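Participant: Just so you know, the sequences run in chain order A and B.
Residues 5 to 376 (this note's numbering) make up the first sequence, in order.
Residues 5 to 376 (this note's numbering) make up the second sequence, in order.
Since the hints were derived computationally from the structure, they do not count as laboratory data.
Quick caveat: nothing in here was measured; it's all calculated off a predicted structure.
Among the hints, erroneous ones may be present.
Covered stretches of chain A (chain B as the covering partner; in silico rule of three or more C-beta atoms under 8 Å from a C-beta of chain B) [said to hold, decoys possible]:
| hint | segment |
| --- | --- |
| 1 | 117-127 |
| 2 | 145-155 |
| 3 | 194-202 |
| 4 | 225-233 |
| 5 | 237-246 |
| 6 | 318-329 |
| 7 | 348-359 |
Just the calculated beta-carbon pair ranges, DEER-fashion [claimed, not checked]:
| hint | chain 1 | residue 1 | chain 2 | residue 2 | range |
| --- | --- | --- | --- | --- | --- |
| 8 | B | ARG202 | A | TRP367 | 46 to 52 Å |
| 9 | B | ALA132 | A | THR330 | 33 to 39 Å |
| 10 | A | ASN152 | B | LYS91 | 48 to 54 Å |
| 11 | A | HIS309 | B | ARG171 | 46 to 52 Å |
| 12 | B | GLY70 | A | ARG191 | 33 to 39 Å |
| 13 | B | ASP30 | A | GLY110 | 33 to 39 Å |
| 14 | A | ALA102 | B | LEU139 | 25 to 31 Å |
| 15 | B | GLU33 | A | THR201 | 39 to 45 Å |
| 16 | B | ALA257 | A | GLY110 | 39 to 45 Å |
A virtual CB, placed ideally from N, CA and C, is assigned to each residue, including glycine.
2 protein chains.
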Amino acid sequence: MTIPAAAEVGMPLSQVDTPCLMLELDAFERNLRRLPDSLKGRDVRLRPHAKSHKSADIALRQIALGAAGVCVQKVSEAAALIEAGVKDILIANEVVGAPKLELLAGLNRRAHVAVCADDAGNVSALDAAARAAGLSLDVLVEVDVGANRCGVQPGGPAVALAAQISRASNLRFAGLQAYQGSAQHIRSVHARQEAITRAVDYVRMTTRMLTEAGMKCEYVTGAGTGSYMFEAASNVYHEIQAGSYIFMDADYAKNDWTESGIPQFEHSLFVWTTVMSTPRPARAVVDAGLKASSIDSGMPRVAQHTDVEYVKASDEHGVLNLTGTTRFKVGDKLLLIPGHCDPTVNLYDRYVCVRNGRVEALWPVTARGALL
Amino acid sequence: MTIPAAAEVGMPLSQVDTPCLMLELDAFERNLRRLPDSLKGRDVRLRPHAKSHKSADIALRQIALGAAGVCVQKVSEAAALIEAGVKDILIANEVVGAPKLELLAGLNRRAHVAVCADDAGNVSALDAAARAAGLSLDVLVEVDVGANRCGVQPGGPAVALAAQISRASNLRFAGLQAYQGSAQHIRSVHARQEAITRAVDYVRMTTRMLTEAGMKCEYVTGAGTGSYMFEAASNVYHEIQAGSYIFMDADYAKNDWTESGIPQFEHSLFVWTTVMSTPRPARAVVDAGLKASSIDSGMPRVAQHTDVEYVKASDEHGVLNLTGTTRFKVGDKLLLIPGHCDPTVNLYDRYVCVRNGRVEALWPVTARGALL
Numbered sequence: 005m006t007i008p009a010a011a012e013v014g015m016p017l018s019q020v021d022t023p024c025l026m027l028e029l030d031a032f033e034r035n036l037r038r039l040p041d042s043l044k045g046r047d048v049r050l051r052p053h054a055k056s057h058k059s060a061d062i063a064l065r066q067i068a069l070g071a072a073g074v075c076v077q078k079v080s081e082a083a084a085l086i087e088a089g090v091k092d093i094l095i096a097n098e099v100v101g102a103p104k105l106e107l108l109a110g111l112n113r114r115a116h117v118a119v120c121a122d123d124a125g126n127v128s129a130l131d132a133a134a135r136a137a138g139l140s141l142d143v144l145v146e147v148d149v150g151a152n153r154c155g156v157q158p159g160g161p162a163v164a165l166a167a168q169i170s171r172a173s174n175l176r177f178a179g180l181q182a183y184q185g186s187a188q189h190i191r192s193v194h195a196r197q198e199a200i201t202r203a204v205d206y207v208r209m210t211t212r213m214l215t216e217a218g219m220k221c222e223y224v225t226g227a228g229t230g231s232y233m234f235e236a237a238s239n240v241y242h243e244i245q246a247g248s249y250i251f252m253d254a255d256y257a258k259n260d261w262t263e264s265g266i267p268q269f270e271h272s273l274f275v276w277t278t279v280m281s282t283p284r285p286a287r288a289v290v291d292a293g294l295k296a297s298s299i300d301s302g303m304p305r306v307a308q309h310t311d312v313e314y315v316k317a318s319d320e321h322g323v324l325n326l327t328g329t330t331r332f333k334v335g336d337k338l339l340l341i342p343g344h345c346d347p348t349v350n351l352y353d354r355y356v357c358v359r360n361g362r363v364e365a366l367w368p369v370t371a372r373g374a375l376l
Numbered sequence: 005m006t007i008p009a010a011a012e013v014g015m016p017l018s019q020v021d022t023p024c025l026m027l028e029l030d031a032f033e034r035n036l037r038r039l040p041d042s043l044k045g046r047d048v049r050l051r052p053h054a055k056s057h058k059s060a061d062i063a064l065r066q067i068a069l070g071a072a073g074v075c076v077q078k079v080s081e082a083a084a085l086i087e088a089g090v091k092d093i094l095i096a097n098e099v100v101g102a103p104k105l106e107l108l109a110g111l112n113r114r115a116h117v118a119v120c121a122d123d124a125g126n127v128s129a130l131d132a133a134a135r136a137a138g139l140s141l142d143v144l145v146e147v148d149v150g151a152n153r154c155g156v157q158p159g160g161p162a163v164a165l166a167a168q169i170s171r172a173s174n175l176r177f178a179g180l181q182a183y184q185g186s187a188q189h190i191r192s193v194h195a196r197q198e199a200i201t202r203a204v205d206y207v208r209m210t211t212r213m214l215t216e217a218g219m220k221c222e223y224v225t226g227a228g229t230g231s232y233m234f235e236a237a238s239n240v241y242h243e244i245q246a247g248s249y250i251f252m253d254a255d256y257a258k259n260d261w262t263e264s265g266i267p268q269f270e271h272s273l274f275v276w277t278t279v280m281s282t283p284r285p286a287r288a289v290v291d292a293g294l295k296a297s298s299i300d301s302g303m304p305r306v307a308q309h310t311d312v313e314y315v316k317a318s319d320e321h322g323v324l325n326l327t328g329t330t331r332f333k334v335g336d337k338l339l340l341i342p343g344h345c346d347p348t349v350n351l352y353d354r355y356v357c358v359r360n361g362r363v364e365a366l367w368p369v370t371a372r373g374a375l376l
């Protein structure tokens with residue numbers, strides 16, 4: 005006895021069981037084109053972050069529309085996507101430990117897989133793994149351009165690590181990873197742009213010092229959905245790593261986008277859920293809780309009902325306050341807009357892809373649970 | 005190419021790759037016995053909630069130690085556990101919609117699966133599904149005893165629903181589901197006990213009214229790890245649904261347990277993680293973020309290091325503040341105590357079970373992702 009599938013191809017959405025991850029294909033496809041279209045005439049490539057979708061189907065569509073490849077955060081995500089046909093991947097993150105480095109090196113026999121580093125010991129380990137595999141690895145220096153997470157400091161420390169990579173027998177210094185992650189959800193456009201201006205200054209200083217040290221830096225990569233047009237206009241970044249633009253979650257929707265140059269992306273990813281209890285007139289409970297929609301960046305929003313608020317999540321329940329005239333009965337089905345798409349997608353094994361109210365396809369979440 | 009496993013049986017923990025879900029078997033087995041031992045001499049049975057662990061291996065161990073069966077929240081969780089040999093399940097929740105009701109009825113051919121209801125229309129649908137399957141279903145009335153989530157109001161509304169169930173041709177009124185979920189994490193023992201005293205009063209009033217209406221209520225079930233000794237001492241509850249006691253997460257550990265009668269459970273479930281970056285002297289970054297440890301009930305705690313605080317999680321990163329003398333280097337491995345075990349377990353495909361620093365077993369998370 006296997007757990008039944010929520011949906012089958014051809015089924016009307018109304019019959020699809022809940023909770024499930026619903027991708028509205030028309031909105032998704034508009035988002036999919038809207039970002040590369042917005043970069044036309046700019047000298048930057050798109051390399052979307054696949055940590056948002058973990059899907060080979062989506063990665064291959066992004067590449068078909070001109071993306072250089074995709075980013076991932078984990079070497080096991082790279083493995084899953086390469087297995088499904090993706091040929092060019094940047095692990096926009098550090099990879100640590102012998103088993104993972106061996107896997108990383110091995111993957112380079114089947115695809116181009118670059119990786120980031122911010123530590124001298126890790127660079128030595130990368131070199132040893134590449135040597136053991138008899139090949140050369142592309143390594144980027146991750147620079148902390150204000151995100152306060154990983155990365156060496158801009159300028160001297162970045163140049164020193166780049167020099168170590170350049171000297172290593174089986175590594176190639178491939179460029180700079182310069183992602184200002186903490187800028188992406190700053191609500192004000194102006195403050196977001198200021199954070200990117202500082203990041204750009206750090207990158208410019210670092211590339212100048214690299215040139216002075218005789219190391220040409222031909223590849224600077226970074227940016228997210230919240231800020232990418234600023235990086236694209238900087239003449240410093242060569243590649244844009246936006247990922248969330250295809251789905252547009254409730255948290256990103258709270259940003260101000262006025263005069264950012266970033267087009268309006270639509271919500272295309274939803275959690276399809278059923279009202280399982282209506283215990284009081286102004287309260288309803290749905291069957292999608294913490295295990296169906298990640299609440300790390302806030303509660304999901306209820307689509308199509310401005311007078312209904314999702315106020316509380318427990319493992320398998322979501323409590324709705326009905327603040328206006330909307331009322332539900334047990335069995336009604338609703339769409340939730342996840343607070344944060346990336347960890348929500350990771351809860352599911354498949355996307356239920358819907359067009360005109362009917363299931364058109366089921367796409368696996370190829371790298372679901374790929375934590376290594 | 006499949007995603008490599010983090011661990012193999014026999015491997016020392018130090019070699020196990022990260023992030024993974026690590027179960028410390030000695031502490032787990034002590035917890036496993038400690039709760040049923042604490043109920044000895046009381047006229048209550050244990051029916052642990054399997055939503056915490058989603059594991060057939062653990063459910064069968066709980067039953068071997070005397071548990072009457074287990075609870076689940078979802079009919080698909082029941083299906084997965086029945087497939088693995090569990091014979092007695094209470095879905096401590098409402099089940100809504102024709103596909104799920106059909107599955108529920110079908111499962112009753114292979115095991116005893118009771119379910120809760122709080123809605124007249126749902127009771128009719130349960131009856132129709134049972135009739136279509138040619139069998140009888142046990143249905144409990146869920147009563148809202150203060151949790152403010154699902155459930156009918158105590159007293160008259162509960163009696164009316166019980167009467168409807170009793171009249172239905174293919175249903176049996178099996179008792180009351182009376183779980184005071186919002187009491188479980190009240191920090192003060194006294195306030196927690198007061199909340200349960202109110203719940204017990206609601207149950208007592210309802211069972212008295214049921215008796216007056218000619219419906220004997222022989223089965224009242226509820227309680228969680230935070231409060232169960234109060235329900236057990238009430239002479240009103242017949243069954244205890246505690247689940248988290250086997251793992252003990254960081255959130256539950258913040259409760260005061262003084263004079264609660266509840267034994268001290270140990271942390272037995274951890275996320276094993278690697279330091280992937282040490283960008284500044286007082287900061288380290290680990291490879292376990294939002295997708296490795298759910299933060300809905302707070303950040304994970306760092307085990308064994310009181311001067312290290314996990315302060316920020318992004319998808320695949322956890323930022324540690326090193327407030328004392330502890331320092332890490334890239335590649336060091338640490339244990340995190342999840343903020344909330346239930347949604348954390350649901351992120352993984354297997355438990356890496358460790359005893360004396362060595363992997364003894366790998367247990368599947370049998371019902372991982374079972375949302376239907």
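Participant: Hints broken by the structure, by number, lowest first?
Facilitator: When the structure is compared with the hints, numbers 3, 4, 5, 9, 11, 12, 14 and 15 turn out to be violated.
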